[in-house]
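Protein chains in written order, with our numbering: chain A, 1 to 208; chain B, 1001 to 1234; chain C, 2001 to 2436.
These are computed hints drawn from the structure, not numbers from a lab.
Any given hint could be a false lead.
[To be verified] Some chain B residues close to chain A (C-beta under 7 Å, calculated; not the full set): (1) His1158; (2) Trp1167; (3) Pro1175; (4) Leu1182; (5) Arg1183; (6) Gly1184; (7) Gln1191; (8) Leu1192; (9) Ala1195; (10) Leu1196.
[Claimed, not checked] Label pairs and their in silico Cβ distance ranges: (11) Asp2333/C - Lys1050/B: 30 to 40 Å; (12) Ala2390/C - Gln1169/B: 35 to 45 Å; (13) Glu1033/B - Met2214/C: 36 to 46 Å; (14) Thr1023/B - Thr2389/C: 39 to 49 Å; (15) Asp2283/C - Gln1169/B: 44 to 54 Å.
Fair warning: this is a prediction, and the values are worked out from it, not measured in the lab.
We put the beta carbon where it would ideally sit given N, CA and C, even for glycine.
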Amino acid sequence: MGLVSRPERGLITHDAGSQEGWVATRLDFLVNWARANSLWPMPFGTACCAIEFMATAASDFDLARFGMERMSFSPRQADVLICAGRVPFKLAPIIRRIWQQMPQPKWAISMGACASTGGMFDNYAVVQGIDTIIPVDVYVPGCPPRPEGLIHGIRMLQQKVYNERSSDTSIRDEMEPDPLSQLYIPPSVIDELGEPFGNSVNQTRSAP
Amino acid sequence: MNQRFQVVQPGSAEASGASAPATPKNLPNRGGETNPSAGALQQRFGGAVKRVDVVWGETTVYIDGASALEVITWLKDDPGQQYDYLSDVTAVEYREAEAPIEVVWHLRSLPFRRFLRVKAQIPKGQPLEVDSVWPIFKSADWLERECYDMFGIKFRGHPDLRRILMWEQYKEGFPLRKDFPLRGRFSRSEQLRQALAQNPEAKYSMEELTIADAFEDLPESMRERLKSGERTGE
Amino acid sequence: MAKRTVEVELSTTGLDAQGRAQRMPLSAIDDSGSAVAVAAPPSIEPELVGEHMLINIGPQHPATHGVLRLVLELDGETVVRCIPHLGYLHCGFEKSGEYRQYNQIVCWTDREDYLNSIGNNVAFALGAERLFGIEITERCKVLRVIAAELSRIISHLVWLGTTCIDIGAFTPFLWAFQQREKVYLLLEKWVGARLTTSATRVGGMAADIPSGWMEELRHFIKSFPHTIDEIDRMLTRNAIWVGRTVGLGVMTPEEATNWGLSGPMIRASGVAYDVRKDFPYLDYETYDFEVPVGTNGDVYDRFLVRMEELRQSTRILQQAADRLPDGPVNIDDPRVILPPKSKATSEMESMIHHFKVVMEGPRPPIGESYVAVESPKGEKGYYMVSDGTAKPVRWRIRPPSFVNLSAIPKMVEGHLLSDVIAINASIDIVMGEIDR
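Same shape as in the complex, but just chain A (with noise of 0.2 Å):
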């Protein structure tokens, strides 16, 4: 039996000679174990790494396997984003309105350079990483990934499924920071220190 099969968990028990037909485990297991294999992924595809997120859908790669073959175009029947792709300012408040008509648990993939950190799209029209705007639980490099780099974010965020506590009710919450806090940051300090970083062209704001 499938469930067998993961000892290293160390949650199951299952006594096969008994005939009973029973299994005894913790609710959060069961619970995550169900949550992480029917994950249904809201393709938020924008550019070139959609056209791999597509390969890994297809025959070759086959995303069945981990139960996400049910893409979910709208996003109010979807568990996990992926942003595949650069996000453009003008795409901004969209990928933020999707975030927010996705129901809760919810998760998100950023995939590929652009969508984790601007990539090589320096310039005034392009977000520098979605985790500006929506939280991010998984960052997939390349640019664009191999289908298996972006199968291999998959079952990272399915680990991470695996190992949530229903006890813990502030895994779900959405927080401002508080700008009294110690740990806010305003923008204008992160432009500063943000400065120097990603400077491939040698050219700074102030400069033509």
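Given chain A, put chains B and C in place with the hints provided.
Relative to chain A, chains B and C alone:
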């Protein structure tokens, strides 16, 4: 299958003995074979044609910006030219601050298999305006809108000249101008704040809001602006 | 036989005096069995004539192939007007190109029309080489033809797969992506990347093909037509496919030329304009291939044209594989070409040379060039202006699907809402190229 259209073959107007098109090789930097349309233009328009350049085998005709529509209409309609295909409308701004901005039309004549670049120079300080070629080439519709969006060049006579790539309330200016910094004028957080401040569902243009019954629900000020014929912005 | 009345509860007729839903006879059959007309119930619906509805598709909608947004004004289910909104993927390619050296721009061309990335590399390199005044070697030319035609094949396969999904057939998508993976394997062996290839350099290619590559290409050329035939058998005479594509989005030859359509769009409308034939590059005039032309200008003809182009591309690949000459790939010009890696790490002069080419970048003379190629979407042009420095003053992309898409308000007018999806799919848009 029933045939509905006669097949149009490019090169139909060429002389019967004309050689088949071939890959250009060993092009000289300057000079070389000039497109015969350039000479015809000089004959027809005289002073409006300022200069003819041949760079890497491509003929460029510099014309007076005021006569752009007239010249291009003649190029399209004259039976000896037949430039019936507008490939591209764009603009060039040079790094030297005093160099004029150039509006570039790339024209193709499919019957003659010719390629011609027409340029109009707008000196700095003058209003950035040229005639739209939309009345004769429908392909100019979006190309001119993009040129307006990126450079701020106004095309007189374009029916719907509003931003196409950037959103309509974009405040930072015209991105492809040389005085526009690569990363925009505002800081990253300000750019993101402004972008997120738009409501994606309220983003219909003025033109769309005139349709259907949305008009009655608009604020009074916007209705006034719509009635006065304003088309862009919110 | 008594008169039989079919009673159906109508949701719109309202309630009677007792508050029960009114029942109205819809049709009746008299004694002889023939239908008799029944007076229609008095309508209490508001007068619908003149009331148009706005419907918004996108920007995040699976049938818009990316992040296109269409606002449709509908009269019932008929499209009265269509207003497209673009720019949701505007990433500032042209601006960024002004801050990059020519060889650095090559990797931006990958990401702009990402279905045709290696074809864009070839197109950009051709444009830059005209600006530099460089004549590439014969072997390089043939390798680039192979690259461009492989790229046309994979681009058309994505078009085929996604269009089938839009119209309701899923199987050809899987078949098409199986073949794409084969091309990806070839490209990966050649340049090391699947999608973003960055395969060309000014004056040559990033790499020569590895040994044994040609046999694999020949194997692909041999096996690939079977897939086209399979998809052909499945779709071309399929009643649903024909019913959903014939007669939609018709453009006449005059309109197609005037709207600036190119590629399969203009050829399906009966204009045999193909940049490879009419303004050739890479010695395409020496290859033997046909240009398929449609005569109806509708979605079905565009499908037929693209299917035939897949076959013709296979023909060109075969000829290129047969004629591939030996010799160097890169030109012998130290101004633009890097020294061999082994020398750059062992000799001082070569290291300085390597450093100068990479850090300062090759400088073209003052001038400009517009080189157009036949990309899978149409006439793709790169217009570059140089002022003598290592970075272009202006790098302009002539986007074929941008111009093709600009005709969509005209094409969908008067068609049904569901046909908008088929027409939009037939344009073969790539938002990365449209918004740039």
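Outcome of the hint check:
{"no.": "1", "hint": "His1158", "result": "violated (22 Å)"}
{"no.": "2", "hint": "Trp1167", "result": "holds (5 Å)"}
{"no.": "3", "hint": "Pro1175", "result": "holds (6 Å)"}
{"no.": "4", "hint": "Leu1182", "result": "holds (5 Å)"}
{"no.": "5", "hint": "Arg1183", "result": "holds (5 Å)"}
{"no.": "6", "hint": "Gly1184", "result": "holds (3 Å)"}
{"no.": "7", "hint": "Gln1191", "result": "holds (6 Å)"}
{"no.": "8", "hint": "Leu1192", "result": "holds (6 Å)"}
{"no.": "9", "hint": "Ala1195", "result": "holds (4 Å)"}
{"no.": "10", "hint": "Leu1196", "result": "holds (5 Å)"}
{"no.": "11", "hint": "Asp2333/C - Lys1050/B: 30 to 40 Å", "result": "holds (36 Å)"}
{"no.": "12", "hint": "Ala2390/C - Gln1169/B: 35 to 45 Å", "result": "holds (37 Å)"}
{"no.": "13", "hint": "Glu1033/B - Met2214/C: 36 to 46 Å", "result": "holds (38 Å)"}
{"no.": "14", "hint": "Thr1023/B - Thr2389/C: 39 to 49 Å", "result": "violated (29 Å)"}
{"no.": "15", "hint": "Asp2283/C - Gln1169/B: 44 to 54 Å", "result": "holds (50 Å)"}
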